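Undergrad: Here is how the chains run, residue by residue.
2 protein chains.
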Amino acid sequence: MIHTDICIIGAGPVGLFAVFEAGLLKMRCHIVDVLPQIGGQLTEIYPKKPIYDIPGFPDILAQDLIKNLRQQIDPFQPTFTLGERVESLAKLEDESFILATSEGTQISCKIVVIAGGLGCFEPRKPPIPNLEKYESGKGIQYMITDPEKFRNKRIVIAGGGDSALDWTNFLADVTSELVLVHRNESFRGAPDSAEKVLELAKEGKIKLLLNSNVNKVHGENNLTSVSIEDKDKVETIYETDYFIPLFGLTPKLGPIADWNLNIDKNAIEVNTLDYSTNIKGIFAIGDINTYEGKLKLILCGFHEAALMAQSAFKIMNPNKKFTMKYTTVNGIETF
Amino acid sequence: MIHTDICIIGAGPVGLFAVFEAGLLKMRCHIVDVLPQIGGQLTEIYPKKPIYDIPGFPDILAQDLIKNLRQQIDPFQPTFTLGERVESLAKLEDESFILATSEGTQISCKIVVIAGGLGCFEPRKPPIPNLEKYESGKGIQYMITDPEKFRNKRIVIAGGGDSALDWTNFLADVTSELVLVHRNESFRGAPDSAEKVLELAKEGKIKLLLNSNVNKVHGENNLTSVSIEDKDKVETIYETDYFIPLFGLTPKLGPIADWNLNIDKNAIEVNTLDYSTNIKGIFAIGDINTYEGKLKLILCGFHEAALMAQSAFKIMNPNKKFTMKYTTVNGIETF
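Residue numbers (my numbering), protein chains in the order written: chain A, 618 to 952; chain B, 618 to 952.
Derived by calculation from the structure, the hints in this document are not laboratory data. None of the values given here were measured: they were computed from a predicted structure. Just so you know, not all the hints are guaranteed correct.
Where chains are identical, the list cannot tell them apart; a pair therefore holds if satisfied intra-copy or between any two copies.
[Said to hold, decoys possible] In silico DSSO-like pairs for lysine-lysine, Cα to Cα no more than 27 Å straight-line: (1) 819 x 882; (2) 819 x 755; (3) 938 x 882; (4) 937 x 913; (5) 833 x 850; (6) 897 x 913; (7) 850 x 819; (8) 913 x 938; (9) 897 x 813; (10) 742 x 819; (11) 819 x 684; (12) 931 x 882; (13) 911 x 897; (14) 666 x 684; (15) 882 x 937; (16) 666 x 643; (17) 937 x 911; (18) 819 x 931.
If we strip away everything but chain A, and leave its shape as in the complex, we get (with noise of 0.2 Å):
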């Protein structure tokens, strides 16, 4: 069982920055990610893009913000539960909170900060029949974390976007042969990598299957080959290890869905006065949660982050009165 005084779950830049808030108030902080890695949606999806509204930085990296975080709350000493989903929230007598997660970890804590941003994301899966059958290691996959695993192998990859060019791109020389399928004539993804998957074709490095779609997928046990239907309906197989589509990702709220938590539209209802929820102890900040005129920006989510902290101490120190001390004056005190 970890102990800790503020369990915040998600990793993205608004969760990273309470753990600076509660510091300042001597709250320690343990956070919880889905995710392998910290920094949300901003290494996981786009690390490299630059971000023009944090204020202070004319520009920035979305990975470089998150470099920048993870330094500012150094000194506070965050520890971390990565790669694992918090399924359960257990409310005890004391008012003090118990969380689990997928892998059986728990969470002893006495507030819960939910940074959860736009929630788990997870594949968006075309709607082709029996796919559940070679999901969890038979042959179909949504994501690629390991692309070893598919060297010298036959994989079949369906998508137009940056994710199946880019992998089309990169798995062209680990694979024995790779078919790209895509509904349409074009792609939605940048220009020039979509322009080194037509040169692929081209050399006959991979198979590119445009106007097309795979319909079906085949196999006793594992995946042994697919169907692909063209523009004019007909219909061939094509024999494959592994079948990839990579049509994107879309958030979902996940377990914390079902912890009675007020919801309005896949968001969490908070009060503005210190984005607390409906559950004492509970508060929400950043992209997950919504309010009349919210705005899902990263520094909102900041100010949120400071006022819940406020709130969560007078929570934890009922009968302590508290002085806001200027970082500038006094420096950054820590445990």
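Once you have looked at the hints, place chain B on chain A.
TA: Relative to the frame of chain A, chain B by itself:
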């Protein structure tokens, strides 16, 4: 007459960042500040002090944060009236505003954003009779803007804080005679500045009077001498060209207090939905506003600026539908 969409009163960090948020929504800004340079307190009072609680900066010198913000808003071409104090506000029949400054500059705008920080800083004056008689260029001044003015002059400085110490050290070589008067035995300012002052006194380069007070000022038209009382109540007259009491600055709301805004303890009451005041078209953001749970943090002002801009846009464009675009996806689009 200057014409603009938004007139921002106050060129501190929050006023500056408001230009960015307004600019993203295609609204142009003009900034007025009583200080001769941008940055508010950050450049005026603590330019070289590190700030630790700006998200994404483990630490940043106050002056560097201002430099960065200036660069960040540059694409939106803000214009400035510096060194002038906004004195009056008139709301016209078409709901637009005309502001006038201490120097008679007029600004016509549709939206007024008050980002005045703690207000105008006014010098703390010692309780000496007839001080006013020698103000406005007749020998008494409370701030030093042009040290060259004192070259080969006799001056008396009073005070024991950083400002008194720093200016004493700086002016020792400039003036023909310098007397530093301090009511206590020890100084409040930085130890190394104090040490330097003590050394100058030992070397006979300045005259240091501790446990003493200036209690009278003399002169027919201009100041010619001051009376200084020591701890034994012995009064001595010192001839001087200037008397410079440096007892710090104290913030005042100034003329804004008379604009019929709802004021609570020297701060402007706002609606947290959009940080609007009780007068339609006037917003207050940053340290100058107040609401339940208000934290006087720069990072909170940034959030307030973002929400304010959304609401200002609706006032300026009542019939236009607005779709928020993330800068990360599309970059910054200027005018």
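Undergrad: If a hint holds in the structure, say so; if it doesn't, say that too.
TA: Structure-based check of all given hints:
no.: 1; hint: 819 x 882; verdict: neither (46 Å within a copy, 74 Å between copies)
no.: 2; hint: 819 x 755; verdict: neither (31 Å within a copy, 87 Å between copies)
no.: 3; hint: 938 x 882; verdict: between (38 Å within a copy, 21 Å between copies)
no.: 4; hint: 937 x 913; verdict: between (33 Å within a copy, 20 Å between copies)
no.: 5; hint: 833 x 850; verdict: within (13 Å within a copy, 102 Å between copies)
no.: 6; hint: 897 x 913; verdict: both (24 Å within a copy, 25 Å between copies)
no.: 7; hint: 850 x 819; verdict: within (24 Å within a copy, 100 Å between copies)
no.: 8; hint: 913 x 938; verdict: between (33 Å within a copy, 18 Å between copies)
no.: 9; hint: 897 x 813; verdict: neither (54 Å within a copy, 56 Å between copies)
no.: 10; hint: 742 x 819; verdict: neither (29 Å within a copy, 83 Å between copies)
no.: 11; hint: 819 x 684; verdict: neither (40 Å within a copy, 51 Å between copies)
no.: 12; hint: 931 x 882; verdict: between (30 Å within a copy, 24 Å between copies)
no.: 13; hint: 911 x 897; verdict: both (21 Å within a copy, 21 Å between copies)
no.: 14; hint: 666 x 684; verdict: both (14 Å within a copy, 23 Å between copies)
no.: 15; hint: 882 x 937; verdict: between (38 Å within a copy, 24 Å between copies)
no.: 16; hint: 666 x 643; verdict: between (34 Å within a copy, 23 Å between copies)
no.: 17; hint: 937 x 911; verdict: between (32 Å within a copy, 19 Å between copies)
no.: 18; hint: 819 x 931; verdict: neither (66 Å within a copy, 52 Å between copies)
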